[in-house]
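4 protein chains.
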Amino acid sequence: MKIGFVGSGAMGEPMVRNLLKAGHTVTVFNRRRERSAALAADGAQVAASVADAARQEIVITMLADDTATEQLVLDGAFIRAMPADGVHVCMATISAALAERLQSTHGAAGRAYVSAPVFGRPPAAASAQLFIVAAGEDSALDRCQPVFDALGQKTFRVGAMPAAANVIKISGNFMLASMIESLGEACALSSRYGVPPSQLVEILTSSVFPVPAYKVYGGLIASGQFEPPGFPLRLGLKDIRLALAAADSKDVALPIASLVRDHYLKALTRGYADFDWAALALVSMEDAGASPRR
Amino acid sequence: MKIGFVGSGAMGEPMVRNLLKAGHTVTVFNRRRERSAALAADGAQVAASVADAARQEIVITMLADDTATEQLVLDGAFIRAMPADGVHVCMATISAALAERLQSTHGAAGRAYVSAPVFGRPPAAASAQLFIVAAGEDSALDRCQPVFDALGQKTFRVGAMPAAANVIKISGNFMLASMIESLGEACALSSRYGVPPSQLVEILTSSVFPVPAYKVYGGLIASGQFEPPGFPLRLGLKDIRLALAAADSKDVALPIASLVRDHYLKALTRGYADFDWAALALVSMEDAGASPRR
Amino acid sequence: MKIGFVGSGAMGEPMVRNLLKAGHTVTVFNRRRERSAALAADGAQVAASVADAARQEIVITMLADDTATEQLVLDGAFIRAMPADGVHVCMATISAALAERLQSTHGAAGRAYVSAPVFGRPPAAASAQLFIVAAGEDSALDRCQPVFDALGQKTFRVGAMPAAANVIKISGNFMLASMIESLGEACALSSRYGVPPSQLVEILTSSVFPVPAYKVYGGLIASGQFEPPGFPLRLGLKDIRLALAAADSKDVALPIASLVRDHYLKALTRGYADFDWAALALVSMEDAGASPRR
Amino acid sequence: MKIGFVGSGAMGEPMVRNLLKAGHTVTVFNRRRERSAALAADGAQVAASVADAARQEIVITMLADDTATEQLVLDGAFIRAMPADGVHVCMATISAALAERLQSTHGAAGRAYVSAPVFGRPPAAASAQLFIVAAGEDSALDRCQPVFDALGQKTFRVGAMPAAANVIKISGNFMLASMIESLGEACALSSRYGVPPSQLVEILTSSVFPVPAYKVYGGLIASGQFEPPGFPLRLGLKDIRLALAAADSKDVALPIASLVRDHYLKALTRGYADFDWAALALVSMEDAGASPRR
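If you read the protein sequences in the order shown, they are chains H, V, D and C. 50 is the number that our numbering gives to position 50 of the first sequence; each next residue is one higher, with no gaps. 1008 is the number that our numbering gives to position 8 of the second sequence; each next residue is one higher, with no gaps. 2187 is the number that our numbering gives to position 187 of the third sequence; each next residue is one higher, with no gaps. 3089 is the number that our numbering gives to position 89 of the fourth sequence; each next residue is one higher, with no gaps.
Watch out, some of these pointers could steer you wrong.
Heads up, simulated BS3-like pairs for lysine-lysine below, C-alpha to C-alpha not over 30 Å straight-line [to be verified]:
hint, chain 1, residue 1, chain 2, residue 2
1, V, K1215, H, K215
2, C, K3021, C, K3154
3, D, K2154, C, K3215
4, H, K238, V, K1021
5, D, K2238, D, K2250
6, V, K1215, H, K250
7, D, K2154, D, K2215
8, H, K250, H, K215
9, D, K2154, D, K2238
10, C, K3021, C, K3002
11, C, K3215, D, K2250
12, C, K3154, C, K3002
13, H, K250, D, K2250
14, V, K1002, H, K215
15, V, K1215, V, K1154
16, D, K2021, D, K2002
17, C, K3250, V, K1238
18, D, K2002, D, K2215
19, D, K2238, H, K238
20, H, K2, H, K21
21, H, K215, V, K1238
22, C, K3154, V, K1250
23, H, K238, H, K250
24, D, K2238, C, K3250
25, V, K1238, C, K3215
26, C, K3021, D, K2215
27, C, K3238, C, K3215
No lab work stands behind these hints, which were simulated from the structure alone.
All chains, please: the whole structure from these sequences, using the hints.
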């Protein structure tokens, strides 16, 4: 298929390579053109403008946040460039509100919109092992399926309302942040009874939580090593804000999310914005005089 | 070995059977004598008094809570009956404070004390698949090892301070309760965007959290089925109180535990004391108008 | 002085009357023209457009929220109509972010901007007993002083940065909401020990808190009478969101505000949006089985 | 009347003087006998034992906490010494649970028990301006009234269940701690917008909260001066624990109390145990990089 790809960063770049590998024609657009250059060597077309990317059968956006997505997609040129049967697939973690706005804007223009955020970090993107949560009209999802097959190990189709996919992705990140916070609290407690975090983590992940998420974040917390970040704390804060905003607009209280947000803000004040988001755990540990950092 | 076993309830009974199966002589004491009778048929000795159980080489207590343990162990007769090289092993989930008190009381009487709480529910006890977290003097732990081998799949030895083992067990239950609460909040949020809890749970447990704990509790929450309880909510509350008390005595704040305790109290007011502790999730779901129950 | 007044609702209308009484010429603009008519009978000029109001020496806006203020002030016509030495005074409770935006927009156009939010409900507005918190350039504040003198019992000048005044107002409303929430929790507790809320409130307001704020809100809570609202709950929620947003943008955690926001959201789900904001107290009381309502 | 007085510390000593001034015969007992000596010079009798004090018509206890009260009152000698129509009046801030236990123990012995905790600090005790909240059998309260008249400016009689009085006192202290915490959060927020805490406090206490409680604690917070303590932080923590325990035993969640407790624990870790309890506000201020201390 002819695919446009807007935003080939840490996640996007390996995704583009997998699309190329699967035999698709990929036209890449980045605001910083040097980003596209690396992919050109591997066979990607370099778009001169975002419209060049939008003009393809399917156009994927994988931009940093709501603001970047709004600026590139909602300025008019993007949608005007899309063919009548084009599909815009947003695979980034954006807000439920923006997903709803994209759905209605595309709908008004007679274009198809799909939300398809992913679970997985850059290595999973590289090995095409992402989990993809996709929502949109059935016909649009059908058209996208070959793309999803090239990028992930599994696609969950969750209905016709795109925002539902975003809320699932946001919920997953909320669950991960909750886990990090509670690991931090548990490590603070155990430390004060002479149990080092590494021992607590090893026991928990050998018994009730034998799963990579607990092992990876528990390991980071126990080691006190938060640099370089796999996923920086300020983006973790961004995602918890997305959870709170999505909940707020439906009158849903998320007390753990409120608490996690407050701890993220304290982490910023302590200078941890660019640490891995596992550094959220530092707040409770430090407050208990049980910091893992030397 | 000759083993005394005090308290053969839902967890203790299958544990006694595994000890018998491994060839140990087990003398069982229960305040309700009919509990012992069932085991007598399988070869257990029935103790006439708690002292009869305490008189063995190793005496295990597996009682409901701190109060029951204090009443049976700290009344004098128990410790007087123990042989000079006897070991008292408490495998129940008791407070860090009581563990410290048992350690010093036994120590003053020249007897050995080991805390060895377990992770696992009755089926895991029956199949000798428990995880055992054991702390106490090395020599005492060595003597207990054959017992642990008959009961669990793995023993974690965590040093000479018995309370450390209890704090690890308490931390594990705190982590599980945090997970239940955050699942409840995530289900409340997604429900309001049209995603049924069963779908959210399926996606999360197929991707980031592919582990029985999330599957079991997520399944209970999604189905809204909390009876009969695997582990009743009022015991979940008991355990979160143990976490808060252990933390309080070391000046450690556990904000998620505070929040979870508050939700447990609300759950009691709503009449859920005897539901499975996964019903903790109902509080946030109901507060958002997203109850899974009909 | 010649004063423009935009938004003569429950608070604005008595304010306009006090300005007229003090001898000022007041040109009133409302999007619903019938609102202005009532004041015309008392001597106010009715503006045909918002520009007519903006054209005066000083133009006051007293609109419902950020959105209404943005729409009327930031569409271009308003600022173009202001005379070179005109002052725009926003006396409504708006966000710190909007105050900063108004300051920079007016600044770029060479116009003066003052934030001057007020403490006091409609009866205080009617009797010119408002407390006014004003921030902006000294020269602009000097020009506004006769206006403030006609409207309030006291003006606090808090420097040259307009947003500072908004943050003080927002902090005051946050303090009031905290008080309501903690009164609700205290009433829930005491009720369960047989102390009716009315008795607790009477004792607290006769001893440690002998002040109208506690008496008024304590009285509403004790009576369970939340209709008609003096200040509706959904506006209380709006203000706590302003506090959280102002704090968030400076990396400040406000844990009580987070908790209050969560309880407001639950109150919405329970159908209390149009109750007096004192109904925030119902959440904790109901959750404890101690509702004051029959 | 003949009055026994057990525990003449910072509060008790001026109370004894006021009883003497009103013409009562007062027999004072202190575990540290030198405490009684000072009062002997003013006409008090010095008791040789706690029983000597308990033997009077009315015996007042004003001890530091539950433990001290239990040790002196519940060891048998105290109650045996009381005359058949004697009344024990506990004026200290003790737990609801201990009040219930005192009520039943005295009841079983045919003696009268009254809970009569007070609002007011040492200067209010000295000027007989305390507020007294009294609960117990009517006949016992009637007998105590002359005592209360000598000690306070007002007595609130709140029924026959002594614990009700304790819960009201505990609720009052909870309300004060909530106020301190929310002042701390509001000061953190305003500071980050350039508003010094002293200015915020002045405005709030000149407008919505013109009351000594806000002025005193707001002043302490704004000045960053927490030594010497009027009421030390570790006692503030003790009282919030009383609130949480009273609430817990009736299944009542007090989310603000949970949050305040967590902040008290952090304050302990930061070394503020012996600061005035207003130092609770430091936690949120420091976490926002807005400490008032230099």
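Structure-inconsistent hints, enumerated in ascending order: Failing hints, ascending: 4, 8, 14, 18, 22, 24, 25 and 26.
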